[in-house]
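Residue-level listing of the chains:
Number of protein chains: 4
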Amino acid sequence: MIIVTNREITNEQWENLCCKLEECGFKTHVIQGVEKKVIGAVGDKRRIDFRFLENIPGVEKVIPILSPYKLVARDAKPEGTTVDVGGVKMGGGFFGVFAGPCAVENREQLLEVAYGLKKAGSGGLRGGAFKPRTSPYSFQGLEEEGLKLLAEARAKTGLPIITELMNLTELDLVNEYTDIIQIGARNMQNFGLLRAVGRQSKPVLLKRGLAATVEEWLMAAEYIMSEGNSQVILCERGIRTFETATRNTLDLSAVALAKSFSHLPVVVDPSHGTGKRRLVLPMAKAAVVAGADGLLIEVHPDPANALSDGEQSLDLPEFEKLMVQINELVKLEGKKIN
Amino acid sequence: MIIVTNREITNEQWENLCCKLEECGFKTHVIQGVEKKVIGAVGDKRRIDFRFLENIPGVEKVIPILSPYKLVARDAKPEGTTVDVGGVKMGGGFFGVFAGPCAVENREQLLEVAYGLKKAGSGGLRGGAFKPRTSPYSFQGLEEEGLKLLAEARAKTGLPIITELMNLTELDLVNEYTDIIQIGARNMQNFGLLRAVGRQSKPVLLKRGLAATVEEWLMAAEYIMSEGNSQVILCERGIRTFETATRNTLDLSAVALAKSFSHLPVVVDPSHGTGKRRLVLPMAKAAVVAGADGLLIEVHPDPANALSDGEQSLDLPEFEKLMVQINELVKLEGKKIN
Amino acid sequence: MIIVTNREITNEQWENLCCKLEECGFKTHVIQGVEKKVIGAVGDKRRIDFRFLENIPGVEKVIPILSPYKLVARDAKPEGTTVDVGGVKMGGGFFGVFAGPCAVENREQLLEVAYGLKKAGSGGLRGGAFKPRTSPYSFQGLEEEGLKLLAEARAKTGLPIITELMNLTELDLVNEYTDIIQIGARNMQNFGLLRAVGRQSKPVLLKRGLAATVEEWLMAAEYIMSEGNSQVILCERGIRTFETATRNTLDLSAVALAKSFSHLPVVVDPSHGTGKRRLVLPMAKAAVVAGADGLLIEVHPDPANALSDGEQSLDLPEFEKLMVQINELVKLEGKKIN
Amino acid sequence: MIIVTNREITNEQWENLCCKLEECGFKTHVIQGVEKKVIGAVGDKRRIDFRFLENIPGVEKVIPILSPYKLVARDAKPEGTTVDVGGVKMGGGFFGVFAGPCAVENREQLLEVAYGLKKAGSGGLRGGAFKPRTSPYSFQGLEEEGLKLLAEARAKTGLPIITELMNLTELDLVNEYTDIIQIGARNMQNFGLLRAVGRQSKPVLLKRGLAATVEEWLMAAEYIMSEGNSQVILCERGIRTFETATRNTLDLSAVALAKSFSHLPVVVDPSHGTGKRRLVLPMAKAAVVAGADGLLIEVHPDPANALSDGEQSLDLPEFEKLMVQINELVKLEGKKIN
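Protein chains in written order, with the working numbering: chain A, 39 to 376; chain B, 39 to 376; chain C, 39 to 376; chain D, 39 to 376.
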């Protein structure tokens with residue numbers, strides 16, 4: 039940690055600062071610059087928040103040298119983590135695709151799409167039973183009924199399922215049905231929820247928040263891992279920027295970056311990431327060659343009549359076409375699709 | 039609602055679209071433009087989400103005319119709402135200040151600051167018992183112990199208290215102690231939490247999310263009001279932008295804007311909004327003349343030793359100075375501070 | 039164009055508005071909604087700016103239906119434009135790569151890299167002679183000397199060259215040497231410069247501004263085309279967002295989007311787009327499969343000693359490796375690299 | 039400057055790095071941390087760009103300690119700069135208002151507004167003769183004719199004038215007429231233009247770019263000052279963010295911040311900053327108490343018929359009302375309006 043002091047720091051403030059650092063267990067090295075004095079404080083204290091040092095009179099700023107995450111860091115497991123979701127592996131050379139409707143709407147819709155996905159070679163089935171919606175007047179999901187339908191689709195097709203957990207109160211319920219717990223973008227910093235899923239034995243897919251930096255995203259994963267659950271998959275799904283021509287701005291550099299910083303698998307959701315059906319295929323392909331370990335794709339048997347997110351859902355023929363192209367690229371990347 | 043169709047729309051697609059709109063209860067008016075056909079669909083259906091119409095083949099885009107919120111809209115109560123928090127009124131010509139430490143740390147700290155705030159003329163006391171922290175290794179708050187200390191401080195000084203509710207599981211606990219429930223920026227779209235506080239009789243302070251538009255912020259308030267609780271205060275606390283010189287970018291235009299769109303009181307938190315102690319006073323003053331109905335200010339008896347957010351906390355003498363200047367401006371605005 | 043009126047519009051205001059629209063040559067269609075009256079104004083007036091209608095008393099907002107660009111729109115040339123830069127074609131099924139150092143530094147550096155690029159299969163040579171730098175104290179380029187060295191490198195290797203034009207005053211000079219004029223991101227809305235290059239017979243590469251929407255980018259291209267030059271290539275090079283882990287956020291969705299809106303070729307600059315050497319290869323690959331028609335890549339014979347942008351420059355062996363992988367993907371996309 | 043090295047740095051790389059730093063004239067201090075070695079490099083070299091050090095093998099990142107600007111820094115002139123624009127002073131305790139139409143449209147319009155502004159107490163007259171417009175088909179200004187009308191209005195009313203310089207080619211022309219040269223947001227990093235106005239004897243008003251950090255804005259001012267012109271006024275006019283309810287997000291914290299970093303006066307343009315007439319008054323007031331040294335306000339005698347920016351222009355009665363309220367606040371701030 040580097041502590042930069044003000045030009046006007048008094049001797050007394052300086053003494054006080056040095057004492058404080060020693061109290062905290064740091065060894066200090068002073069560098070007398072041309073205009074300012076700088077302290078190098080040595081000691082691995084990354085489990086403590088040292089932003090408070092900025093409050094000490096005479097301190098201008100505090101610059102951390104070590105990254106604030108530890109368990110999720112690439113160093114902790116250089117070979118990379120493989121997460122197995124009901125038989126579909128992601129990370130460590132494995133590539134997985136989970137596809138399905140934004141929301142589970144009814145039995146016919148779900149079974150039709152599940153059979154179609156199976157046939158097209160999807161690894162797993164995605165579908166929302168609890169839906170976070172901007173408006174209280176929008177369709178909010180079928181809740182437990184939706185979970186049961188997902189389980190039925192799994193039983194019939196063999197596809198493992200992923201569904202979102204929105205509230206702590208529904209943890210047991212969702213946990214009972216799903217093969218992997220999805221934490222949505224809006225809940226990326228719902229720390230109570232992160233801790234709770236960190237205590238489960240099910241894998242967790244953690245979507246990046248709309249306004250989250252890669253570092254904050256990794257810190258959210260650190261919350262989960264710090265409770266003992268190391269089966270975490272990161273999911274890039276677009277960030278919010280000034281551009282309104284797409285629903286979000288899909289940040290594919292973040293995929294390559296997260297994979298270099300962390301050993302966790304990273305998957306991409308080009309459906310939410312773009313919000314436009316015609317951009318799903320090119321962005322899915324781009325995700326593969328950018329290094330992603332999997333995809334989440336919204337597919338609806340009849341997008342024109344979807345209760346939510348139809349404008350970004352593929353129909354089954356489009357998804358089949360996507361799988362053909364994705365397969366080719368995954369092979370080219372030297373990964374195994376499953 | 040305006041539906042713009044593609045240039046290439048077929049007759050069949052056109053028929054299908056018109057049927058669909060009629061099924062939904064709209065009266066349709068067709069406008070034949072130079073290049074495109076446009077439909078004006080008339081009917082107040084704002085409680086339904088019509089984004090799905092964009093999925094219908096032949097539709098290019100759907101443009102809503104009415105705002106998506108109803109209960110929070112200014113029209114619903116043109117004279118404005120006054121919310122009373124344990125005797126401190128905000129909105130409808132009243133201005134309230136809640137000040138205090140980011141986190142309740144211990145009895146001495148809290149009582150010292152509470153007495154000081156009372157003396158300086160603060161309306162109420164703020165303090166976190168449950169703290170949302172980016173790192174799992176940072177101080178997370180004193181939890182129930184913190185709530186008890188807040189209640190003690192209230193008993194001793196008469197200052198009503200505000201504290202944050204982070205998780206549904208702590209609702210009863212927080213509700214028992216606080217005078218107004220604070221929903222933090224990270225939970226602005228935690229819809230389960232919004233619905234739950236919407237069923238309480240305590241007022242709710244709803245912070246704007248880091249990446250939330252004014253419209254989404256008002257929709258979050260609509261979630262609360264749609265459950266029956268109309269005592270909602272909006273709080274602007276900065277948004278996330280490309281600028282890194284401040285912790286967030288305090289969006290004071292949003293204050294004036296939210297007040298024109300909605301009848302709810304709007305308060306400002308310049309401490310989180312800027313993240314820098316020396317910017318708190320100018321931004322607090324700016325908030326008053328921009329039309330805010332109150333302020334949330336972080337004050338710590340000894341910012342240099344604060345466990346969190348010390349770099350943006352005022353000490354008591356600074357807060358006293360702020361109150362003098364704020365008082366003058368509130369009077370100039372024709373409002374009553376309390 | 040749709041004009042939404044205020045609920046409180048008076049009869050007089052209404053009459054005045056309708057008159058105004060007729061004066062402007064529109065046919066008007068009135069839609070009486072539940073709460074508001076809406077006017078559909080028909081007539082292709084996209085060459086006029088109608089934002090002023092929002093000033094007319096009683097008007098709430100004006101919603102354009104047609105896109106504001108005309109010459110660059112896909113409709114204007116559905117088959118797509120191919121731009122030929124000294125023999126290297128981009129667009130219409132052709133893919134071109136221009137590589138080279140951020141800045142031309144000296145004869146040895148440039149010739150070394152030019153021979154290396156030729157050998158690795160680069161289509162052309164990029165290099166800055168005039169450099170836009172944030173600090174007045176940074177290296178600003180070799181100016182005319184740099185242009186002469188680029189010409190020498192072209193003469194020796196046969197590679198056509200691209201270099202940036204920063205100021206109108208250097209137009210003739212740059213034009214004399216370059217095969218395609220580059221307009222940098224900071225000048226995307228330097229309208230005088232756009233008009234001037236629109237009057238040249240050389241092709242123009244137009245970088246997207248840091249904070250430009252896709253629509254504004256296309257409007258900037260419209261400026262060039264409206265002066266008669268239709269040989270325009272669009273270049274995505276990253277936008278500015280809250281994320282600081284990368285220099286910019288490379289927006290690959292914008293590539294697919296711009297290609298659907300416009301007939302112009304779109305190329306990608308992953309060097310500036312990410313600012314990090316290790317992200318250049320994955321993002322270059324992603325650009326190809328997202329639909330790009332070419333790449334701009336920073337290559338330096340000795341990045342550790344580059345005078346600018348070394349942190350995002352590949353060395354020659356890295357570039358050779360990139361070309362091998364790019365070739366494979368371009369072929370897979372059914373395009374011809376040249 | 040702090041140089042953080044990789045964990046994997048070899049001895050050879052380390053030697054090479056230290057040599058390099060010494061070559062550049064730095065004294066080096068090594069800090070051996072728990073995981074990484076860090077070098078403190080001492081020497082005031084802020085006139086050189088040291089980002090290139092990040093390219094040296096073994097270097098992870100370079101952290102500058104000193105700010106990159108020198109001439110504009112507060113330290114260089116702690117008492118603050120006062121700029122005199124034809125008798126209207128800004129900075130150093132003086133507050134100035136320049137108001138007028140977005141674009142000069144015709145003689146009647148300009149003279150009517152100029153007399154009205156004079157009567158309402160405006161310090162100076164603003165008006166565009168050359169207009170930067172997103173669309174090539176929008177009104178582009180009256181050019182020299184507009185400058186002549188501005189000069190006539192000045193002669194008649196005594197109000198000094200400000201107008202924008204867009205292109206180097208128009209420098210002499212604009213310089214002949216204006217009392218202060220305005221550099222628009224889109225040209226904030228048009229470095230050729232900055233250098234050129236840096237060689238004039240007229241003061242310069244430098245608008246902040248849409249996507250410019252406060253540091254980049256100050257660096258742009260450094261370009262002007264480095265050529266010898268120290269009469270620079272900074273102007274905050276809103277930045278681009280995800281929020282679309284306002285045209286830009288007016289960043290008032292940047293005003294307080296820029297004033298603490300720099301000795302230059304800072305003014306605010308709430309008209310462009312918000313894009314909405316009804317937000318101009320509250321944001322103008324907020325700017326005053328946030329520490330601004332002046333205002334730029336768009337006023338049009340008949341906003342409903344303005345050729346540009348009417349939706350954000352005040353009419354004369356609104357401006358008179360604004361001046362009354364602004365006067366009161368300026369006095370309260372202990373400044374002198376002129």
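Hint data in this document are derived by calculation from the structure and do not stem from the laboratory. Among the clues, some could well be false.
Because identical chains cannot be distinguished in the list, a pair is counted as satisfied if it fits within a single copy or across any two copies.
[Said to hold, decoys possible] Pairs of lysine-lysine, DSSO-like flavour, derived with a Cα cap of 27 Å:
| # | residue 1 | residue 2 |
| --- | --- | --- |
| 1 | 115 | 99 |
| 2 | 74 | 240 |
| 3 | 108 | 194 |
| 4 | 194 | 156 |
| 5 | 186 | 240 |
| 6 | 65 | 359 |
Checked hints:
1. 115 x 99: between (32 Å within a copy, 23 Å between copies)
2. 74 x 240: Neither: 51 Å inside a chain and 36 Å across chains, both beyond 27 Å.
3. 108 x 194: Classified as neither; 41 Å inside a copy, 44 Å across copies.
4. 194 x 156: This pair counts as within: shortest intra-copy Cα distance 10 Å, inter-copy 57 Å.
5. 186 x 240: The answer is within: 18 Å in one copy meets 27 Å, while 36 Å across copies does not.
6. 65 x 359: Neither: 60 Å inside a chain and 39 Å across chains, both beyond 27 Å.
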